[in-house]
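**Q** Work from the hints to combine the two standalone chains into their complex.
Residue-level listing of the chains:
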Amino acid sequence: MKDHKIDRLLRSAAQVREEAPSSMPFGFDTRVIALWHAALPTANGVASLVRRVALLSMAVIVISTIAAVREANQSREIGESFANEFAIADTAIQDEFSQ
Amino acid sequence: MIFIKVFQKLSQFSGKVPLEHWVSRIAVNTCLNQIESERVRPELRHADLTEEERAVVENLATSSEELAPDQRLASRQLVEHLLAALKPVERLAIDLLYLQGRSVDEIRKITGWSAALIKVRAFRARQKMKDQLARIKEKP
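Chains A and B, in that order, give the protein sequences.
In my numbering, each residue's number is its place in the first sequence (first place is 1) plus 233.
In my numbering, each residue's number is its place in the second sequence (first place is 1) plus 355.
FYI, nobody ran anything at the bench for these hints, they're computed from the structure.
Some clues are possibly wrong.
Said to hold, decoys possible - Not the full set, but computed from the structure, chain B residues with beta-carbon under 8 Å of chain A:
1. 361
2. 365
3. 421
4. 422
5. 430
6. 433
7. 434
8. 451
9. 454
10. 481
11. 485
12. 488
In this text, a Cβ means the ideal position worked out from N, Cα and C, and glycines have one as well.
For reference, chain B alone in the conformation it holds in the complex (with noise of 0.2 Å):
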């Protein structure tokens, strides 16, 4: 889709900034609009975790140690959860900084937003994701 869409859009391509970028801006765009399409998600539950997302939840909650790699699997789909419920902007700011872990000038370059503006989202996002899992933990 992102393809057809760089071929749909040749002809706005002004050969001014490297292809790459132009690709990925296309590439982003499209891709949160798609999200932007898509249905708000109901509020995640701690029933709708699965064995392993409850586990990452209680160790995080008891322990200040660094998860053990054997949960990474879960933590992770536990994040995936986590993001389905923020604005679209806010889920790629969370993923392109923490799970990509791209520098804040290189998600400027891809997105074309300011490091301010990075920074903010990626504040929101993490307020939102830390008071989704503290209502995870208080309604069983």
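Chain A extracted, bound-state conformation (with noise of 0.2 Å):
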């Protein structure tokens, strides 16, 4: 059973507020956020290496994969270029004995 003297006492001196400061002073978080970052301990070197390697193997499948899309583009149209010539020739031969 609730015991209502306790809880009207609560209650009364609840009202009475402390006008303590709830919040952290000016700019408290900043730095302790900045000094928890500067604290971190840095990658090891295998690891650092590692990722270094990864982001390079990364960069050179990139390239090699627009360079190969280029070089397979350039040669399809110069294939149908000389395709065309040929063409041309053989139709311009071909006039020439008919006649």
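**A** In structure tokens:
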């Protein structure tokens, strides 16, 4: 069973608000985060090397893929232009012989 | 003192929980340690109370109505007296739950206690306060 005396007393006491600041001092959290970032341990040599190799490999793969696609496009265009020239020449020869 | 501790323990901050929660845990633990280090206060007697506090005790015993607005300050002082005799964790539970009006979930985040533990501590604290109030009335 609830004790109503204590409830009444606490309710009345709670009406008196203490004016204690509930927030952190200005800029405190920024300083803490900054210090925390500065204190973070740096990655060791092996992890750093692996990350660099992975990034480099990715860059090489991307560049190679772009180069291969461009090369394929160019060779197809050249092939098509040669095919047209051969067809023109063939037609011209045929016309020459038929005359 | 709390902010100094925050700076000292900065290396222990994992960054997995919000900074506010981490700081409030340190604040709670620092305050509890401080209160724990204080000596146990003697039992509160009727003669130790001010006139206004005695009036509040009298009002609580004789009436079932809410205390008048002009008795708020005295009731707060009386509660402070009653809280002083409690364990620090019980004091904190009453302060957060009833005086600051925080929810159980908020207190759980601030203190790291489970909801059941908060309720148990608040219940025990209320019982002790009730007993103490009865003793004040019995022993003038």
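**Q** Which of the listed hints are not met by the structure?
**A** Result: hint 8 breaks, nothing else.
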